[in-house]
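Now that you have both chains on their own, put them together as the hints suggest.
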Amino acid sequence: MAGVIWRAFNLYSMANPLFERRQNIYIYILVWFLISAIHFLTGTIYFDLPFIVAAADSLIYNGLFALIAVILWYPVRYNNPEGKFSLSALVTYLVLGIIILTFWLFMGYFILKILFTGNEAYFRFLNDSFFVRVLFGALFFIATVLLYHLLVNNRALEEKRLNETQLNLLVRESELNALRSQMNPHFLFNSLNSISSLTVSNPEKAREMIIQLSDFLRYALKYGQREETTFADELKNIELYLAIEKTRFEDKLVFEKNIQGICLQAKVPNMILQPLVENAIKHGVYESTTPVVINLSCQETGEYFEIRLKNNFDPEYKSRTGAGLGLKNVENRLQLIYNMKDLLKINKQENYFEVIIKIPQKKQ
Amino acid sequence: MKSLLKYRKKNNKMITAIIVEDEKLARDLLRDYLKDHADIKIIGEFGDGFSGLKAINDLKPDLIFLDIQMPKLTGFEMLEVLDHTPAIIFTTAYDQYAIKAFEHNAVDYLLKPYSRLRFLEAVKKARERIGSGDINITEKLLEHIDTKQEIIHRVVVRSGSKIHVIPVEEIRYIQAEDDYVMIYTKDSKYLKQKTMKYFESHLSSQDFIRIHRSYIIRLSEISQMQLYEKDSYIVILKDGTKLPVSKGGYPRLKKLLDF
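Order-wise, the sequence lines are chains A and B.
Position 9 of the first sequence, counting from 1, maps to 9 under my numbering, and the rest follow consecutively.
Position 21 of the second sequence, counting from 1, maps to 21 under my numbering, and the rest follow consecutively.
DSS-like mimics (lysine-lysine), calculated; alpha carbons at most 30 Å apart, straight line:
#1 B:K242 with B:K189
#2 B:K238 with A:K348
#3 B:K194 with A:K282
#4 B:K189 with A:K348
#5 A:K246 with A:K257
#6 B:K54 with A:K246
Hints in this document: simulated from the structure, not taken from any laboratory.
Quick caveat, the model's predicted, so the values are computed rather than measured.
Isolated chain B (complex conformation) (with noise of 0.2 Å):
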């Protein structure tokens, strides 16, 4: 106790901290955890992603303690779309989230359950982090990263102030924007800020192929396939959307299609 009173005394700047855990009984244990920590103000607690995304980006506070599994969108979903980036703990039951959640450039991954000591350590870190202001250093890093190779089943895309959930299954095909890809359902249009690369290797192959350096699409949308220039096809899908297929998508798409 000795060592906390102590920090209070030489860090007398307030946190702002929000809670986005789906159960009660874990949002109460943290609150009894917290009150430790009076330098800790919790300024909102919420029961899943959507809501606790809107509030981050509202309330802007300094640290969020963070459940991945989650209704609606799960903690990493949620951290793909935020504008404002806090300081994070991942509270979970999942252990094999924890070199990701480094990857988002977590302070701490609690393991439920856990104990005061555990969380006392995450919370000086949390401090720590938060006083030097250094939390953007290594999102940078983040890009380059992303070893897991999971495949996804939905993408979560901001136009605005709405948040866009697009089921795998409705995707059509995705164009390279400069620092963006550009999503086409089969009704809509999305702009996500992920590299080619990472929906590339996220996006089940036996689905998707990449025929072109800006184009991946879906298999099932192909309608059929041109002979363009000398050696240069271009593939028209069912809507009649013509893309052309670069000189290293041909072999590719010959082989998936099997002509």
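Just chain A, with the same shape it has in the complex (with noise of 0.2 Å):
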């Protein structure tokens, strides 16, 4: 049952990191009732106040303010706390701490004069001490923000430790197996059969395709998952895998490129097209006995590099719904990148196929 409670109200407490954990409202209990302890005692002490007034001052005065503490969370949050401070945060502070000071003041006050009607040296006190509350009510209302601000930046700070960890992970275990994640072996061995073939046939032509296969293997042998590289290495790179599977499908595959100069110097992860291209050659030219057409073009719009990669295919070729294996390998990877989501789309009609990534570029 306490589950239960716990849980709903962490839910309606919209995240607030006071309540994170149990620990926490155990300590904001805690904290508060020290303050009104020591608000007590000074009050029956130190002012001579009766023990019934001086534990309702401390209560109420003290109550409301934890109580607003906690509200004044939502405000805080408004005020996007991870990032830096403002001067218009500042002022929307400032704002919001006389409000919250007067409504605090005002609310103890009336209770008090309510609970205590014709207790006129309680209420000269109350009145001389106006200016002590109003310091000690600016001082909680500082200490509540400041704690806030330490909590959200504390918890980003952990988040981010936390997916960096996760981030090297996934890198380390792809780049185990980076060939074998990238380049389907299939590609690899069907490839070695066509030079095996060749060098009966066409001797030259198998040694030309040896020098394109070791190229190829070497690019995607060199960088890391996360290194980033010219558009231009890619093409160049993309081109060779080309070169290669037109060797074995002849006609039946034709590529084209449109792409302007301006989009050669767009950073992009390396590797990131092949998956691309080998998933349209898998899906188009592997099922189809008509030529397949693939045609790469880009985009360069500031904030991102967009590359878009269309086949049509064989509309007799009943395909699998959904993404393959090797899209959703591509989008994983963006996503971890650039920790950014939607960065793969796909568009897929009655006849053509579209594949449209988006690489955010950094300003230089």
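Given below as structure tokens:
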């Protein structure tokens, strides 16, 4: 039962960092209890207030602020506490502080006035202590805001650290799988078989294909998973790959590119084109008996560099639904590198298939 | 070479062969290797499963060299609708299909790229198989093995001389018909020589459910379920077809539909 209430509470607290751990709540209550105790003792001993009056004074003012401080999370969050402390945030806090202090003082005064109607001595004390209360209220307010900022930043830091460990783990894993994940081994074996065939009919062409294959493999092994390269490099490599596939599939494979010079210097992750082209060949060329046109184009929009790869396919080919594993890998990799979702889009039409990837460009 | 000459003298019978392989260079290689074997005569080469299938049914070769990954029909899909069964040598870069290939009574399974010597072995086995005439021996065994529970994405059926490729998404339900099953799609129905058990294990269990000894239905086709008699139910499909639910099918349906 307690668990259910806890969960519901957590849900409605909209991730107030105070309630992230049960332990935090205990500490929070304890701190307010201590403050209230000091407040109470000062009241009874120093100002000679009656026991009941001092207790009520302490409980109402401090209890009220303890509640207000919880609600204060929402405006703090609204102020983007993860970002830099800006002037506008400072102004917001100033206004917020004045409103909250006024509300707090008024509410406390109002409740106590009802409770102790006619106790003139106490009201005199209440009026005299106004400035001290403002001072303490301001202090509480500043402390609460600072606490929230601290907690949020701490949380962000922890998240970042967790993300990084996860990324490192994944990177290492995929580096181990570099060849396997980036390149279909059947591509390699089929190419070797083609070379084996060419050694008889056209030894010169066989040698050429071995060199293309070697250059391609060297490129594939050269970079780590996270390393970026220029689009020009990627293009050169993919043309090698296509040249090899072209030897295998001859006229069935047609490659077109539509690339402006401005695209060539764009930064892209290495080996990002190969899985896209491989996917197009697998679902286009492998499954068709007529020529399949693979069209590569790109666009530089400042913030993003966009690559489009389009291929027609045999309309008779009853394709599988959903994206293949190769494209899924690309999507995951882009998300890991740039920490952004939806960088890969698939556009499947009656007679063509298009993959669009967006690569965020850092401002230089 | 001496052993080869001996073969030719001993076995005068010519072996007819067809190559079904989508890459020209791979076909060239096969032709080159086959130059050593004068008793094997290539009577056709084809670049996709469809034309290969037609040629095998028409020309009835003794031996086929078969690639697996091909346009239109894969090598295995092709074998399913073949009415003449030749000796088969698979040639492929994929090693994961070897078991399945031998289940399909393959003579040999050549992994690309393969050597002349390895090819010689395969051809030798084929000669022995064809000479002994027991090509169909393991074929009957085949129906009972089917160990690999891979999910299929399309079904190939033959009606008369026509070959239909049915994407699994179009299948509404499947009904048992003696040794065959009847596959119902939106617009048509197709007879296929396969068991209910085969479809039960090769269709995605998220999309399909066996509700009865004689029926496998697509879950999303269900419109409602009704009590028919005392503890026997029927399912009504979206087009109004009523199908019985067996005692064993009911709890499975209940679990999947979560009611």
